[in-house]
Amino acid sequence: MIPMALSLPRPQTTDLPGRAVTMDEAAFRHLYDRTARPLRAYLMRSCGDLALADDLLQEAFLRMLRSGFEGEDDDHRKNYLYRIATNLLRDHFRRKRPESDQVPERDESPGHDEAVHMRSDVGGAMAELAPRDRQMLWLAYVEGASHQEVAKALGLRTASIRSMLFRARQRLAKQLQARGLRPEMEVS
Amino acid sequence: MTTKPCPHEASVAAAARSGDWSPELKAHRDGCLTCAELTLVVAALTADAEELAGIDAPLPNPAPIWLRAQLASRERQYHRATRAIVWVQRAAMAVSVAIGIAFAPGLWELVSGAFSGLSLSFSAPDLPRSAGSPLVVFVVSLVVLGGLALWELTAVNEN
Numbered sequence: 001m002i003p004m005a006l007s008l009p010r011p012q013t014t015d016l017p018g019r020a021v022t023m024d025e026a027a028f029r030h031l032y033d034r035t036a037r038p039l040r041a042y043l044m045r046s047c048g049d050l051a052l053a054d055d056l057l058q059e060a061f062l063r064m065l066r067s068g069f070e071g072e073d074d075d076h077r078k079n080y081l082y083r084i085a086t087n088l089l090r091d092h093f094r095r096k097r098p099e100s101d102q103v104p105e106r107d108e109s110p111g112h113d114e115a116v117h118m119r120s121d122v123g124g125a126m127a128e129l130a131p132r133d134r135q136m137l138w139l140a141y142v143e144g145a146s147h148q149e150v151a152k153a154l155g156l157r158t159a160s161i162r163s164m165l166f167r168a169r170q171r172l173a174k175q176l177q178a179r180g181l182r183p184e185m186e187v188s
Numbered sequence: 001m002t003t004k005p006c007p008h009e010a011s012v013a014a015a016a017r018s019g020d021w022s023p024e025l026k027a028h029r030d031g032c033l034t035c036a037e038l039t040l041v042v043a044a045l046t047a048d049a050e051e052l053a054g055i056d057a058p059l060p061n062p063a064p065i066w067l068r069a070q071l072a073s074r075e076r077q078y079h080r081a082t083r084a085i086v087w088v089q090r091a092a093m094a095v096s097v098a099i100g101i102a103f104a105p106g107l108w109e110l111v112s113g114a115f116s117g118l119s120l121s122f123s124a125p126d127l128p129r130s131a132g133s134p135l136v137v138f139v140v141s142l143v144v145l146g147g148l149a150l151w152e153l154t155a156v157n158e159n
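In order, the protein sequences belong to chains S and P.
The numbering used here puts the first residue of the first sequence at 1, with every later residue one more than the last.
The numbering used here puts the first residue of the second sequence at 1, with every later residue one more than the last.
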């Protein structure tokens with residue numbers, strides 16, 4: 001099992017009344033400098049749109065400040081941000097497909113930035129996956145989230161994550177192999 | 001060929017992220033298709049994350065985010081501070097309504113009496129007696145004040 005990294009209360013994606021900003025500006029700047037780039041990378045790879053990723057990034061930080069969440073340390077706050085960002089992504093994909101509760105299999109909206117996905121072989125391979133698979137793989141293998149944390153972030157049952165993650169990984173590996181990368185090769 | 005879950009996946013994933021492989025784990029990875037595939041995926045994603053985190057596009061300026069959060073916080077504080085005033089307004093409106101209801105039967109008689117006293121040929125001295133009744137003034141004042149309180153309440157709720 002991958003170490004727990006996102007063990008947090010579920011953040012709301014709606015406004016939280018009656019709460020205030022508890023962090024001072026210097027602490028906020030420090031957190032922003034430390035986490036904004038990796039968080040944007042997660043958002044970009046999940047939605048495939050740099051402008052949208054920047055919008056969601058700002059919204060995630062704003063909601064964290066408005067929630068009054070203090071956190072024990074920067075890592076705790078960082079994990080909270082990822083939870084908010086994941087919820088924002090889910091809301092975004094649901095708004096795009098109001099007739100369905102499921103996220104789309106592929107993101108083919110006009111704002112979809114192929115340049116982001118095709119930046120590398122990995123980007124191209126990820127672009128072939130469903131947004132939920134991308135988020136799942138990223139949270140589990142880049143951020144080191146546990147199955148339980150991935151399940152909470154994506155609104156899924158923990159019991160389902162192991163098999164879903166396994167299948168998503170197989171799909172990504174297949175795409176990577178189609179681009180000439182093999183299991184025995186080290187990606188640098 | 002198909003792969004199936006392996007009990008060493010967590011260790012392999014951690015090693016693929018850190019690059020710190022023990023000889024035993026490396027030997028296992030080389031002989032296990034699942035772990036080889038996992039290594040490829042984790043290493044690819046890690047490299048991709050580093051590449052995306054290092055792109056040239058500047059990050060959004062954090063200053064407006066901080067400012068918007070501060071403004072939202074002050075707005076909530078304002079609403080909290082004016083909550084007592086809003087409750088006083090509600091109480092005043094409730095009292096107005098209660099008084100209005102209490103005086104309703106008498107008011108109806110007063111109004112019907114005032115209109116029955118009017119005629120096309122009424123004389124000017126009759127007007128102050130019906131229009132200037134203290135009760136009418138009182139009731140009209142209550143209605144106006146109640147309306148103002150209602151308007152204030154609506155305005156606060158809309159904010």
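Please keep in mind that the hints were generated in silico from the structure rather than gathered at the bench.
Owing to the predicted nature of the structure, the values given are computational and were not obtained by experimental measurement.
Even for Gly, the Cβ is constructed at its ideal location relative to N, Cα and C.
Possibly wrong hints are sitting among the right ones.
Unchecked claim - Computed footprint of chain P on chain S, listed as stretches where at least three residues anywhere in the stretch have a Cβ under 8 Å from a Cβ of chain P:
1) 32 to 45
2) 50 to 60
3) 146 to 160
Here's how the hints hold up against the structure:
no.	hint	result
1	32 to 45	holds (count 9)
2	50 to 60	holds (count 4)
3	146 to 160	violated (count 0)
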